[in-house]
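J.: So the chains spell out like this:
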Amino acid sequence: MLNEETPKTVLQFDPFLLIPVIALMTIGVLFIFSSGVNSSGVIVSDEYKRQLFWVGLALILMLTFSYVSYNVLKDFSFYIFLLFMVLLVLTLIFGKVVNGARAWLGVFGLGGQPSEFTKIATILLLARFLKQHQANIKKLSVIFRAVGILLIPMFLILRQPDTGTTLVFIPLFLFMLFVAGAKVRHILYVALTGFLAIVIALYPSIEAMVLHQDNGLGTLLTSLNLVGVVALSFMLISVLSWLGWKKYKSTVLYWCLYFFSLAFFALLVGTLLRHVLKDYQVMRFIVFLNPSIDPRGSGWNLLQSMTAIGSGGLTGKGFLAGTQSHYRFLPMQSTDFIFSILGEEWGFWGGLLVFGFYGLLLGRLLWIMYHIKDVYGILVIGGFVAVFATHLFINVGMTIGIMPVTGIPLYFMSYGGSSLIAASIAVGIAMNIYNRRFMY
Amino acid sequence: MSKIDSVPGAQTSKNRVILLAIFIGLIVGVYIVHLFSMQVIQTQKYKERATVISQRTIDIPAKRGEIFDRHADVPLVRNVDSFQIDFNPADVPPGQVPLVLSKLAVLLKTPYTDLDTRVPLSSYPIYQNIELRKGVDYQTIASVAERLNELPGVSWRSTPIRDYIDNGSLAHVIGYVGNITQDELQVLYNQGYGIHSVIGKNGIEKKFDMILRGKDGTRFRTVDVNGRSVDSPRTAEIAPIPGHDIVLTIDRTYQKIAQEALGPRNGSVVILRPSTGEILAMVSYPYYDANVFYTDHAATEFDRLQTDPAFPFLNRAIQSAYPAGSVFKLVMTTAALGENVIDPKKKIFCGPSYKLAGQVFREHIPNGFGWIDLATALADSADVYYYQLGEEYLGIDKIDNYSKKFGLGQITGIDLPGEVQGLVPTPKWKERVLNYPWLGGDTVNLSIGQGYLQVTPLQMADVAAMIINNGKIYRPYVVKEILDPITKKVVEETKPELEYEMKLPDKVWSEVRADMRGVITRGTADVVVTTHATEVAGKTGTAEDGAKGSSNHSWFVSYAPYNETDPSKQIVVVVQVERTNRWEWWAPKAANIIFQAIFGHQTYEQAVKELHPWYM
Chain Z
1 MLNEETPKTV LQFDPFLLIP VIALMTIGVL FIFSSGVNSS GVIVSDEYKR QLFWVGLALI
61 LMLTFSYVSY NVLKDFSFYI FLLFMVLLVL TLIFGKVVNG ARAWLGVFGL GGQPSEFTKI
121 ATILLLARFL KQHQANIKKL SVIFRAVGIL LIPMFLILRQ PDTGTTLVFI PLFLFMLFVA
181 GAKVRHILYV ALTGFLAIVI ALYPSIEAMV LHQDNGLGTL LTSLNLVGVV ALSFMLISVL
241 SWLGWKKYKS TVLYWCLYFF SLAFFALLVG TLLRHVLKDY QVMRFIVFLN PSIDPRGSGW
301 NLLQSMTAIG SGGLTGKGFL AGTQSHYRFL PMQSTDFIFS ILGEEWGFWG GLLVFGFYGL
361 LLGRLLWIMY HIKDVYGILV IGGFVAVFAT HLFINVGMTI GIMPVTGIPL YFMSYGGSSL
421 IAASIAVGIA MNIYNRRFMY
Chain V
1001 MSKIDSVPGA QTSKNRVILL AIFIGLIVGV YIVHLFSMQV IQTQKYKERA TVISQRTIDI
1061 PAKRGEIFDR HADVPLVRNV DSFQIDFNPA DVPPGQVPLV LSKLAVLLKT PYTDLDTRVP
1121 LSSYPIYQNI ELRKGVDYQT IASVAERLNE LPGVSWRSTP IRDYIDNGSL AHVIGYVGNI
1181 TQDELQVLYN QGYGIHSVIG KNGIEKKFDM ILRGKDGTRF RTVDVNGRSV DSPRTAEIAP
1241 IPGHDIVLTI DRTYQKIAQE ALGPRNGSVV ILRPSTGEIL AMVSYPYYDA NVFYTDHAAT
1301 EFDRLQTDPA FPFLNRAIQS AYPAGSVFKL VMTTAALGEN VIDPKKKIFC GPSYKLAGQV
1361 FREHIPNGFG WIDLATALAD SADVYYYQLG EEYLGIDKID NYSKKFGLGQ ITGIDLPGEV
1421 QGLVPTPKWK ERVLNYPWLG GDTVNLSIGQ GYLQVTPLQM ADVAAMIINN GKIYRPYVVK
1481 EILDPITKKV VEETKPELEY EMKLPDKVWS EVRADMRGVI TRGTADVVVT THATEVAGKT
1541 GTAEDGAKGS SNHSWFVSYA PYNETDPSKQ IVVVVQVERT NRWEWWAPKA ANIIFQAIFG
1601 HQTYEQAVKE LHPWYM
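In order, the protein sequence lines correspond to chains Z and V.
Okay, so the first sequence: first residue is 1 according to the numbering used here, each after it adds one.
Okay, so the second sequence: first residue is 1001 according to the numbering used here, each after it adds one.
Because the hints were derived from the structure by calculation, they are not lab data.
Hints may contain errors.
What the hints assert, rightly or not - Straight-line distance between alpha carbons at most 25 Å, and here's what the computed BS3-like set of lysine-lysine pairs gives:
no.: 1; chain 1: V; residue 1: 1207; chain 2: V; residue 2: 1014
no.: 2; chain 1: V; residue 1: 1398; chain 2: V; residue 2: 1472
no.: 3; chain 1: Z; residue 1: 131; chain 2: V; residue 2: 1428
no.: 4; chain 1: V; residue 1: 1428; chain 2: V; residue 2: 1405
no.: 5; chain 1: V; residue 1: 1206; chain 2: V; residue 2: 1404
no.: 6; chain 1: Z; residue 1: 139; chain 2: Z; residue 2: 74
no.: 7; chain 1: V; residue 1: 1495; chain 2: V; residue 2: 1404
no.: 8; chain 1: V; residue 1: 1014; chain 2: Z; residue 2: 138
no.: 9; chain 1: V; residue 1: 1206; chain 2: V; residue 2: 1489
no.: 10; chain 1: V; residue 1: 1345; chain 2: V; residue 2: 1398
no.: 11; chain 1: V; residue 1: 1355; chain 2: V; residue 2: 1345
no.: 12; chain 1: V; residue 1: 1472; chain 2: V; residue 2: 1507
no.: 13; chain 1: Z; residue 1: 74; chain 2: V; residue 2: 1014
no.: 14; chain 1: V; residue 1: 1495; chain 2: V; residue 2: 1207
no.: 15; chain 1: Z; residue 1: 183; chain 2: V; residue 2: 1398
no.: 16; chain 1: V; residue 1: 1014; chain 2: Z; residue 2: 373
no.: 17; chain 1: Z; residue 1: 131; chain 2: Z; residue 2: 96
no.: 18; chain 1: V; residue 1: 1014; chain 2: Z; residue 2: 139
Unchecked claim - Residues from chain V shown here face chain Z by an in silico Cβ test under 8 Å; the list is partial:
no.: 19; residue: 1014
no.: 20; residue: 1020
no.: 21; residue: 1026
no.: 22; residue: 1028
no.: 23; residue: 1031
no.: 24; residue: 1032
no.: 25; residue: 1033
no.: 26; residue: 1043
no.: 27; residue: 1045
no.: 28; residue: 1049
no.: 29; residue: 1582
no.: 30; residue: 1583
no.: 31; residue: 1600
no.: 32; residue: 1601
no.: 33; residue: 1602
no.: 34; residue: 1604
Yeah, the Cβ is synthetic: ideal placement off N, Cα and C, and Gly gets one too.
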């Protein structure tokens, strides 16, 4: 504890983290600028100037967090989490609507999206919880309690409604469980429950709009009475299996419990989800499954984005020379679809560059996880890796048509202060963890 | 911090980190491969799609063909330069829309409110052209163009309109044009029509729309997602191809004479050249002025015409079928001679009425005609003679057979839209439609052209043509030639086309013609057909329709000159005056004036002056 005040490496910023972050930020500002130039070459948006300001602020905060000991964050993680839960509730009540979600909270124009920072707060708390219960990590009860923590922010963010950000919590959680050493079958249990719940929530719409057939399952799932009966019977079987397994320790009964309770939870969550999800949220998934359903409506973004990227070719059309973007066919090109304008103007090489820097960033974070000893640090960075990777895969995936259109930003590049600052703070915390690696 | 914290499971943790790194690396790999496939392998597909999406086209309207009468000198229909003024409020600096509109109102000489009501506040932010005014002339556009820098958002485009020059009764033949409807578009979409197409709605404009319309040109422009034009070197143009001109068979002097001779009476006149089938005049009263459809009160005017009880849109010469009445006796006479069922010289007794199965069929004069032969029967239109001829000598099958051979109950095939086929009743027809057997009384009625028989004036003109042509009917037509719009050379010429043929000895035809001449010289028409300009032959008709006591249709089916060796000099004139008019037996009277004017080379007024008819 003595040497905590004098780590030699405190002011040495890990270049393997700093370089990719600054590079991605620079590319981001360039394409935010590009997206603000109209077809006549006139700059019609000053978003790039504001982004430059955010970049400055983000770098300062990143360095600040790399200096302040993360142990302080650990100790206060519960209160930090609590603070953000309150902020999320306040957002639901007083928040401003941004892109269809009541996500922005602030006064006098000063504020941000609490949901972005909630990811960090949740990671900090989950890491502490998992570390405290590491001895019992193989027990399902610990996992259930962790799920309990997780569901609070997820529910509040889904109510905004911001599906994309909500979904990010799932890989975040699974990733941290995995790193914490939870049993794979328990992780699979959570993953399968989540996946099944989503399928159950969406299936009636899928049946009607994609499959164009009625095989009865959709009707079954939409009838609350039927679902109740099925869920109740699943629960009953689960309880019986659990009692039997307690008594006889039979493997068959264990898997019986495993699958039936899984199905029960999935049915419960899925049905709940269907009543929470808005039509347009469902539509995005449907369009992802079949973009031609509504080429001028929900499918428009997807088709335009793929057209922009595909037409970019190997070398791209050149900076500021994209046609789809400058003729404003691309939607939200400075935020969610920034990868599309990059793909159109810089082509495959530009995309490779972004993946290269992201690879460097994620690789370095994983390398740190591998080399440090502090479990809390490992878990926190694990959560960050999960969030960064998820954002990268969902955001880029949606622009190239292999992920549904769920509006989540591409970290460090998309226009917007909250996501940029949150991600930078995360990197700052990671730097701090790395700098203090010798203290354990 | 105790060391214990980090020790348990540390190795597992490290292995799992490696697994995660591999997992993330694999996904990154998949993404890169996918990106490579899109941007390098399939890039051509997306490049094509990108051009399609960002290019839009504007139609450049093709000049529609002009329409001439048979002399092909002065157009009956031409195109007039006309402009439409559009306004795009999103192009105007904020708050200046009212200012721009008030400046424009002064230039257009229109009240400000006129323009203001067309640009609602809600449209201000929308980048879309609003149609401010149609039918603006060139001078006004020029004055707007001079001040264009003060009028942001204002633009115009050329929308040539049709000018139907003083056509009068030609409205039915020529028709008019209008914007394509949804229903029309569904049928014609694959034939080069678009949602902004102008299409012929009636007459020649409709029937020959494909020939008249030409092919619209296209201007390509690159646009952004809001439809805003973007300056681009890719702007290109495909020039429009003007439509062909059409020369009608109509002779505008004949048309004018026929129109004036018919006067303000609901009815129609057809003047036909029997040797070819050319329609020289076709009048249907009431007619309409198609030019009103291009004025600002087009909609109300259209509604008024549509609901007019006199049906001004109806071309009565081809779109309305009437009972033929006594003009049907031409068919009966031909059948009697052709079938040789009666000696034409044989006199049969014609009392005041004819009785069949308790039913009494009256003569049109109280005492009857006594003993008369076929020629006298036609001249005096003796109904009782034809009752007996039909019922006792010919029978329904032969009457039907001859009717069909004359083309009755079938379309004439004229090159105008909407022709009706009329009706020749047969026993089979009656049983099928009315579910009642054919009776002798039906044959008796049909013998004088009454009952279920329905014919159009043009069909009756064809009947006369067959008699003149010794058994040949040429398909009637109004389009004589199609001209190249630039060189004015004939591209296509309509050739006479034999449509119906009846093989009977020439002797039969000349006898029918002689009997028709008798109608004028010693029969029903001798008092009204007074012209000496030519020798007229014909048949009058007075057709009853519907309720007793109501007025009758007046028919006159005629041709002249009677004894002409050169058939190309002969014309058929059919006049039909509906019973809706005051009864004045006008059909033969109108024909009298028409023949006088045409063969005397006079105007209507001159003809009337020369004839000085007792009935006027």
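J.: State for each hint whether it applies.
T.: Tested hints:
no.: 1; hint: 1207(V) - 1014(V); verdict: violated, 84 Å
no.: 2; hint: 1398(V) - 1472(V); verdict: holds, 19 Å
no.: 3; hint: 131(Z) - 1428(V); verdict: violated, 100 Å
no.: 4; hint: 1428(V) - 1405(V); verdict: holds, 18 Å
no.: 5; hint: 1206(V) - 1404(V); verdict: violated, 29 Å
no.: 6; hint: 139(Z) - 74(Z); verdict: holds, 23 Å
no.: 7; hint: 1495(V) - 1404(V); verdict: holds, 24 Å
no.: 8; hint: 1014(V) - 138(Z); verdict: holds, 17 Å
no.: 9; hint: 1206(V) - 1489(V); verdict: holds, 23 Å
no.: 10; hint: 1345(V) - 1398(V); verdict: holds, 21 Å
no.: 11; hint: 1355(V) - 1345(V); verdict: holds, 24 Å
no.: 12; hint: 1472(V) - 1507(V); verdict: holds, 15 Å
no.: 13; hint: 74(Z) - 1014(V); verdict: holds, 22 Å
no.: 14; hint: 1495(V) - 1207(V); verdict: holds, 18 Å
no.: 15; hint: 183(Z) - 1398(V); verdict: violated, 102 Å
no.: 16; hint: 1014(V) - 373(Z); verdict: holds, 10 Å
no.: 17; hint: 131(Z) - 96(Z); verdict: violated, 37 Å
no.: 18; hint: 1014(V) - 139(Z); verdict: holds, 21 Å
no.: 19; hint: 1014; verdict: holds, 6 Å
no.: 20; hint: 1020; verdict: holds, 7 Å
no.: 21; hint: 1026; verdict: violated, 11 Å
no.: 22; hint: 1028; verdict: holds, 6 Å
no.: 23; hint: 1031; verdict: holds, 6 Å
no.: 24; hint: 1032; verdict: holds, 6 Å
no.: 25; hint: 1033; verdict: violated, 11 Å
no.: 26; hint: 1043; verdict: holds, 4 Å
no.: 27; hint: 1045; verdict: holds, 7 Å
no.: 28; hint: 1049; verdict: holds, 5 Å
no.: 29; hint: 1582; verdict: violated, 63 Å
no.: 30; hint: 1583; verdict: violated, 65 Å
no.: 31; hint: 1600; verdict: violated, 70 Å
no.: 32; hint: 1601; verdict: violated, 67 Å
no.: 33; hint: 1602; verdict: violated, 67 Å
no.: 34; hint: 1604; verdict: violated, 62 Å
Of the numbered hints listed earlier, those contradicted by the structure are 1, 3, 5, 15, 17, 21, 25, 29, 30, 31, 32, 33 and 34.
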